[in-house]
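If you read the sequences in order, they're chains L and E. Here this note's numbering is used: the first residue of the first sequence is 1, the next is one more, and so on. Here this note's numbering is used: the first residue of the second sequence is 1, the next is one more, and so on.
Honestly, the hints are just simulated from the structure, not real lab data. Warning: the hint list may mix true and false statements.
Since the list gives no way to pick out one identical chain from another, each pair is judged satisfied if it fits inside one copy or across any two copies.
[As the list claims (entries may be wrong)] Once the Cα atoms are required to be at most 27 Å apart in a straight line, the calculated DSS-like pairs of lysine-lysine come out as: (1) Lys46 x Lys135; (2) Lys85 x Lys51; (3) Lys374 x Lys165; (4) Lys145 x Lys354; (5) Lys51 x Lys18; (6) Lys356 x Lys145.
Number of protein chains: 2
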Amino acid sequence: MNYWDTEYMSSLSGLELKTFLNKKRMIKYLYRQGMLSSADFSNILKISAPKSNAYIQELIDEGFIENKGKGESIGGRKPNTYGLKKNSVYIIGIDMGLKFLRIALFNAAMQKVNDVQLSAISFNERGTLIDEIYKHTQKLLTKSKIDKDKIMGVGINMPGLIDSKNGINYTYLYEQDAPLVDAITKKFKCPVFIENDTKARTLAEMRYGAAKGYDNALVLQIDWGLGLGMILNGKLYKGNSGFAGEFGHIPINNKGVLCNCGKIGCIETMASGQALVRLACEALEHNTNSKLSSIYKHRKEPLMPTDIISAAHLGDQLSVTLINNVGEALGQGVANLIQILNPEIVVLGGVLAKAKDYITTPIEHTLYKYCLPKLREDTRIVISPLSDEIGIIGSATVLLENILENN
Amino acid sequence: MNYWDTEYMSSLSGLELKTFLNKKRMIKYLYRQGMLSSADFSNILKISAPKSNAYIQELIDEGFIENKGKGESIGGRKPNTYGLKKNSVYIIGIDMGLKFLRIALFNAAMQKVNDVQLSAISFNERGTLIDEIYKHTQKLLTKSKIDKDKIMGVGINMPGLIDSKNGINYTYLYEQDAPLVDAITKKFKCPVFIENDTKARTLAEMRYGAAKGYDNALVLQIDWGLGLGMILNGKLYKGNSGFAGEFGHIPINNKGVLCNCGKIGCIETMASGQALVRLACEALEHNTNSKLSSIYKHRKEPLMPTDIISAAHLGDQLSVTLINNVGEALGQGVANLIQILNPEIVVLGGVLAKAKDYITTPIEHTLYKYCLPKLREDTRIVISPLSDEIGIIGSATVLLENILENN
DNA sequence: AATACTTTTTAATATATTTTATAAAGTAGT
DNA sequence: ACTACTTTATAAAATATATTAAAAAGTATT
């Protein structure tokens with residue numbers, strides 16, 4: 001039976017369970033902090049120093065951790081520090097889009113073992129899609145030559161309204177009374193967790209990105225649409241049914257444009273990649289001075305948000321203005337979120353984050369207008385430092401959070 | 001030294017601390033659940049049955065709990081159940097307004113020992129106000145004849161932007177580098193906690209009101225202004241600086257009325273007691289059919305929200321319409337909150353909650369327009385069952401949460 | 001009413017953990 | 001370089017806790 005499976009845990013009782021949970025917590029803290037000493041564990045877990053050393057010895061014997069040498073002294077003998085053995089456990093991360101699948105294998109240091117493997121898929125029938133995913137994963141696993149027993153589990157990051165607790169995706173591949181995650185687990189025979197893409201990216205941002213170390217952070221994912229992930233009280237906030245963060249579809253303009261969702265003037269229609277392109281196309285009907293003009297009129301492929309952002313960075317005035325307008329709309333939404341949630345940091349991710357200052361400046365400017373000063377002063381707006389890798393890192397993080405957090 | 005003081009706790013180490021924390025957790029669960037058996041504690045605290053019984057015996061010997069008789073059998077021998085001794089500990093709750101102070105003494109069953117004591121105060125100089133509060137509290141304490149050693153501490157519920165973690169009120173009685181709570185603690189010589197009034201009421205709603213048992217609940221306090229308290233992941237959400245929930249001042253109408261806060265079209269200008277009165281006064285300039293007309297024209301005291309709500313319950317059409325309008329504005333705000341936070345329940349408190357169906361119906365109606373169906377279906381809108389006592393219950397709850405939650 | 005099966009309680013036993021004490025390995029000041 | 005004071009590591013002793021087992025007190029079924 002898999003060491004990381006909830007079934008294994010529930011087979012334990014009394015003292016066995018207590019020991020297992022303590023050792024799991026130690027592994028959790030090593031994932032978070034990298035390296036810790038026996039005294040650290042003693043303090044964190046509130047156990048005595050000899051007991052802490054005993055657990056460490058067991059984890060070494062089991063091959064999970066290793067001595068990483070002496071740490072810094074804080075006024076006495078230097079402590080031995082311990083960290084996870086890179087090749088002790090591996091995580092499969094799957095970043096699913098509607099047309100492509102990206103799979104990667106991570107070691108215990110959260111480094112990719114191989115390059116990300118990209119495969120085309122089609123969202124048709126559930127069974128065949130799961131078979132496809134499994135096949136692609138096996139291919140990667142074979143290539144890596146890693147022992148199957150060392151796989152901790154699979155984290156999957158996909159679009160849709162997802163109830164990650166019960167493993168149900170209400171938007172895609174839905175079947176009544178048959179959670180998607182159960183079907184996948186049956187195929188993979190190891191722990192599997194699914195999470196909504198924006199929430200998975202938020203987890204990545206919390207552990208490895210700009211939101212690291214903050215207890216209350218908002219992560220805005222601004223691609224073609226507009227997504228919101230929230231870290232509240234140090235945890236990813238999912239809401240009651242798991243659907244929290246449907247921020248793109250709150251209305252800010254009752255005389256606005258019709259949104260895909262059927263409503264009028266959603267913030268997504270004003271503050272998103274699609275909004276930027278729409279505004280650009282409208283402007284380019286009359287404006288011929290812009291660097292975008294030739295792309296718009298002569299290129300076969302339609303105008304994309306990246307075109308406008310690149311042009312802005314090259315000094316194109318129209319592009320700068322358009323991004324500014326989008327930023328102001330976004331700023332209104334962010335102001336509302338700040339008033340309600342009083343976060344410490346707001347992280348901008350997705351394509352529009354590539355606009356850097358061109359997008360943060362109008363947002364910050366708008367906050368002056370709509371936020372209480374005390375709240376505005378306590379909030380920082382930053383651009384995500386994570387590259388396009390955020391999706392695949394997010395998927396691996398989904399697994400880690402679920403495995404390690406459920407004590 | 002006070003048993004409930006953090007100083008006492010930090011004086012303990014190793015096993016003493018572990019025992020203390022376990023026993024405190026037992027008391028916490030008894031506060032929440034009323035009565036529990038030894039087996040329950042064994043499961044909750046993950047300790048063995050004999051150990052659980054040993055702790056229970058210690059708590060009995062120390063006078064905190066007592067045997068409450070046999071519980072229901074679930075297929076075997078009936079368990080002994082234990083509960084808090086009513087007269088073992090007491091809590092002082094102080095509900096502060098800007099002009100009045102309400103003090104009450106609660107026993108371990110959260111019942112008031114005496115009637116609430118009402119006193120007039122003035123928010124002038126910090127020192128004299130604290131002296132006044134102390135004097136009034138001593139009066140109540142003397143009357144009750146309760147041993148001072150049995151006081152667990154003081155919970156205070158007051159208006160303002162409050163950082164409850166550090167005990168600072170930025171709006172009232174603020175002094176740089178001298179947290180308000182420190183000054184009060186020095187006077188009272190026992191644990192003291194302060195919390196913003198809306199958040200204190202939300203705590204009361206979470207433990208003893210409509211939000212009891214829900215992990216994700218929103219509490220709207222609709223009096224003269226509009227306040228929001230949030231229970232997220234089972235805990236009161238305070239935000240980074242403690243100012244979360246400034247919901248009243250997010251704009252919903254850019255061509256609206258000027259708000260006290262200096263901005264235009266805040267939701268509070270459309271959805272609150274003051275909004276209801278303003279709309280009523282505007283309408284009554286032309287309308288003479290309404291039951292409110294005579295009050296408006298002839299009564300010395302100005303029109304109040306309760307006048308309009310009473311009239312509505314008596315069938316006054318204008319009043320019903322006005323409340324409906326306020327409800328629709330509120331509904332827009334609630335819709336935004338639901339989209340972002342996906343709560344299980346939204347509780348309406350404050351004067352406007354007295355309008356009952358007249359206010360919930362337009363809110364629910366508006367949700368159809370602005371919410372994703374899946375989110376709307378998963379959210380219930382209810383009226384708070386707690387009466388005007390919610391403020392004073394909230395203040396006592398502030399103390400309990402802070403004492404019992406900081407393990 | 002008798003039987004088989006539960007759960008609770010608790011005494012005795014076995015095991016685990018903490019505490020204490022000591023050695024080892026540092027820092028900081030003189 | 002020496003002394004005084006840290007912190008870390010670990011063996012031995014003392015203590016705490018869990019497990020086991022058996023008795024007590026129920027329920028459910030026949």
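Hint check:
1. Lys46 x Lys135: For lysine 46 and lysine 135, neither the intra-copy (45 Å) nor the inter-copy (42 Å) Cα distance is at most 27 Å.
2. Lys85 x Lys51: Result: close within a single copy only, 21 Å intra versus 37 Å inter.
3. Lys374 x Lys165: Classified as between: cross-chain Cα gap 17 Å, same-chain 36 Å, threshold 27 Å.
4. Lys145 x Lys354: neither (37 Å within a copy, 68 Å between copies)
5. Lys51 x Lys18: both (13 Å within a copy, 15 Å between copies)
6. Lys356 x Lys145: neither (41 Å within a copy, 66 Å between copies)
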